[in-house]
Amino acid sequence: MNIVVCVKYVPDAQSDRTFNESDNTTDRVGVDGLLSELDEYAVEEALKLVEAGEGEVTVVTVGPDQAADALKKALQMGAHKAVHVKDDAIHGSDAVATSLVLAEAIKKTGTPDLVITGMASTDGTMSVVPAMLAERLGLPQVTFASELSVDGTTVTIRRDGDAASETIVATLPALVSVTDQINEPRYPSFKGIMAAKKKPVEEWALADLGIDASQVGLDAAWTKVESFTKRPPREQGQIVTDDGDGGTKLAEFLSAQKFI
Amino acid sequence: MAEVLVLVDHANGTVRKTTSELLTIARRLGEPSAVFVGSGFDAAKETLAKYGAEKVYRVENADVTDYLVAPQAELLAQLVEKTGAAAVLIPSNSAGKEIAARLAIKTDSGLITDAVDVQAGEGGGVSTTQSVFAGSYSVKSTITKGTPIVTVKPNSAAPEESAGAAADEAFEPTISEGAKGAKVTESKPKEATGRPELTEAAIVVSGGRGTGGDFSPVETFADSLGAAVGASRAAVDAGWYPHTSQVGQTGKQVSPQLYVACGISGAIQHRAGMQTSKTIIAINKDEEAPIFELVDFGVVGDLFTVLPQATAAVNASKG
Chain A
1 MNIVVCVKYV PDAQSDRTFN ESDNTTDRVG VDGLLSELDE YAVEEALKLV
51 EAGEGEVTVV TVGPDQAADA LKKALQMGAH KAVHVKDDAI HGSDAVATSL
101 VLAEAIKKTG TPDLVITGMA STDGTMSVVP AMLAERLGLP QVTFASELSV
151 DGTTVTIRRD GDAASETIVA TLPALVSVTD QINEPRYPSF KGIMAAKKKP
201 VEEWALADLG IDASQVGLDA AWTKVESFTK RPPREQGQIV TDDGDGGTKL
251 AEFLSAQKFI
Chain B
1 MAEVLVLVDH ANGTVRKTTS ELLTIARRLG EPSAVFVGSG FDAAKETLAK
51 YGAEKVYRVE NADVTDYLVA PQAELLAQLV EKTGAAAVLI PSNSAGKEIA
101 ARLAIKTDSG LITDAVDVQA GEGGGVSTTQ SVFAGSYSVK STITKGTPIV
151 TVKPNSAAPE ESAGAAADEA FEPTISEGAK GAKVTESKPK EATGRPELTE
201 AAIVVSGGRG TGGDFSPVET FADSLGAAVG ASRAAVDAGW YPHTSQVGQT
251 GKQVSPQLYV ACGISGAIQH RAGMQTSKTI IAINKDEEAP IFELVDFGVV
301 GDLFTVLPQA TAAVNASKG
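As given, the protein sequences belong to chains A and B, one line each in that order. Note that the first sequence ends on residue 260 in UniProt numbering; no numbers are left out. Note that the second sequence ends on residue 319 in UniProt numbering; no numbers are left out.
Hints in this document: simulated from the structure, not taken from any laboratory. There's no promise every hint is true.
Heads up, simulated PhoX-like pairs for lysine-lysine below, C-alpha to C-alpha not over 20 Å straight-line [stated by the list, open to error]:
(1) B:Lys-278 x A:Lys-258
(2) A:Lys-72 x A:Lys-191
(3) A:Lys-224 x B:Lys-140
(4) B:Lys-140 x A:Lys-230
(5) A:Lys-258 x B:Lys-318
Distance windows between CB atoms, simulated [what the hints assert, rightly or not]:
(6) B:Arg-28 x A:Gly-138: 30 to 38 Å
(7) B:Gly-226 x A:Ser-149: 36 to 44 Å
(8) B:Gly-239 x A:Ala-195: 31 to 39 Å
(9) A:Pro-233 x B:Ala-165: 44 to 52 Å
Covered stretches of chain A (in silico footprint by chain B; criterion: 3 or more residues with CB under 8 Å from a CB of chain B, positions within the stretch not fixed) [stated by the list, open to error]:
(10) 126-137
(11) 140-153
(12) 179-186
(13) 218-231
(14) 236-242
(15) 249-260
Glycine residues also receive a C-beta, built at the ideal position from the N, C-alpha and C atoms.
Go ahead and model the full structure; you've got the sequences and the hints to work with.
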């Protein structure tokens, strides 16, 4: 089975993430970036599926030059080939435009049996691109999978919701998003790192996908960031060391704050 | 005044608090029309009227209720077209966001997710506030295309009562075959804990690695305060507490009046889920734990002695 995994290059959550002053977009250049941690689970699940059977895993990303790092990591883990859609016109695209670019790129790779994504990016954290992609590709979507199995023409997942644990079945081809509960992503082996250097990475521009520049980017976004404000750092309050009355002091604080 | 569609979040007619919040917000933008999908409308009607729903579109079609999110996006798209709605408000849970995502593509409309505030924009439209990058920035946005679609987080507005007619109208959507590609075949209900829902609770008490797997002091303290119980990723990964209770980047984002972190060091991934809480308390043996940077009150100590003492004091205060 052939699987496409969509991955994203994101600013490292451990660094000081911020915005570009000039156009209110996420700063992706001034901070260290990496393959979104949540996408590693998607890559791992795809690799497990093809290793148990046959087929290829193609990783696709949309992003600036540095986003090649995210593809490299996925190839080192074992993905077979990669597609990098980059075009200056894409800068500032919202989820709607991103899903358009990803959908056209996935179509151009051929028709995969399965599209797998992470549950959300670690920067925008909207978790809407999977559903948008499914809508654009006309695929059923099964999201937030914490278990996944494929049987002939269907994919079955388990989703742990607040009220119930559900089993969901969809017909292939389908789109699945996976949670961080589904597996333990592998670390690239030395062999994997060496092999990745020889794996094909296609670079496509918007024109290769038949997308007009006016359909994407900041000006085409259907939402507009008007302003961003750094939240004032929380001021550290009172810290006490428990000398046998820590619990009592805690209760006194709750009482003073009218919680009890 | 233009209609504002509110997708009702309910379980067999028991309307969740988020819906009364959404109806309250909808009144800022136009005239609230609730969209009720599934059975149990009679039980829901009173609540919907109380918070200002003028109309209710009732959908009982099995094609919608048996399948996942795609049919709900189709029916909302049809309602947007029928009513010329000024905006669509949807609860910001995972299903809600997916419905909103598909609806945005279908209706060529801008989408904002996880809004913590929604107001009428200057000169019309909708203006939203979101909390981003682990709560370190607050972002104001406007929706510039189509029918604004906003998913709204719990606790984003205090529900205000305002009597509405809640005139109900059966709506029969046309559901395409393509929307029926994914179906729930089995559903095992979770055991009820009797505690409030994590994302809606006014008080959340969470346990982490420091519990060593014993959540009983955390739960007992939570119960004394009528609080929900959360867990850090470390506690969930260790199998000590269910993933649905995880607070953090890959779990629930909570914003209660009071958050109590017990034996949680406070990694960025955890902070992403709780640092917009109004008041934060932490108990940790390690005085260097980063969680203490955030707190309004902190106790450096062993949660196994501090929590029972605090629980006793809370219970005593109830007299």
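Going down the list of hints, with the structure as the test:
1. Between Lys-278 of chain B and Lys-258 of chain A the alpha-carbon distance is near 13 Å, which keeps this suggested pair within the 20 Å criterion.
2. Restraint check for Lys-72 of chain A and Lys-191 of chain A: satisfied, since their Cα atoms lie roughly 14 Å apart, inside the 20 Å limit.
3. The suggested pairing of Lys-224 of chain A with Lys-140 of chain B holds, with an alpha-carbon distance near 9 Å, which does not exceed 20 Å.
4. Note on Lys-140 of chain B and Lys-230 of chain A: the hinted pairing holds, with a Cα-Cα distance of about 12 Å set against a maximum of 20 Å.
5. At roughly 12 Å between alpha-carbon atoms, Lys-258 of chain A and Lys-318 of chain B fall within 20 Å of each other, so this suggested pair holds.
6. Take Arg-28 of chain B and Gly-138 of chain A: their Cβ atoms lie about 36 Å apart, and the range 30 to 38 Å holds.
7. Judged by the Cβ atoms, the range 36 to 44 Å given for Gly-226 of chain B and Ser-149 of chain A holds: they are separated by roughly 41 Å.
8. Our hint of 31 to 39 Å for Gly-239 of chain B and Ala-195 of chain A holds, since their Cβ atoms are close to 35 Å apart.
9. The hinted window of 44 to 52 Å between Pro-233 of chain A and Ala-165 of chain B holds, with their beta carbons roughly 48 Å apart.
10. Counting residues of the segment 126-137 of chain A whose beta carbon lies closer than 8 Å to any beta carbon of chain B gives 10, which meets the minimum of three for the stated coverage.
11. For a cut-off of 8 Å, the count of residues in the segment 140-153 of chain A with a CB near a CB of chain B stands at 6, and the three-residue condition holds.
12. Counting residues of the segment 179-186 of chain A whose C-beta sits closer than 8 Å to any C-beta of chain B gives 3, which meets the bar of three, so the coverage hint holds.
13. Counting residues of the segment 218-231 of chain A whose CB falls under 8 Å from any CB of chain B gives 11; the rule of at least 3 is met.
14. A count of 7 residues in the segment 236-242 of chain A with a Cβ less than 8 Å from any Cβ of chain B is obtained; the coverage claim is therefore met, three being the minimum.
15. Counting residues of the segment 249-260 of chain A whose beta carbon lies closer than 8 Å to any beta carbon of chain B gives 10, which reaches the threshold of three, so the coverage claim holds.
Comparing the model with each earlier hint shows no violations; every hint is respected.
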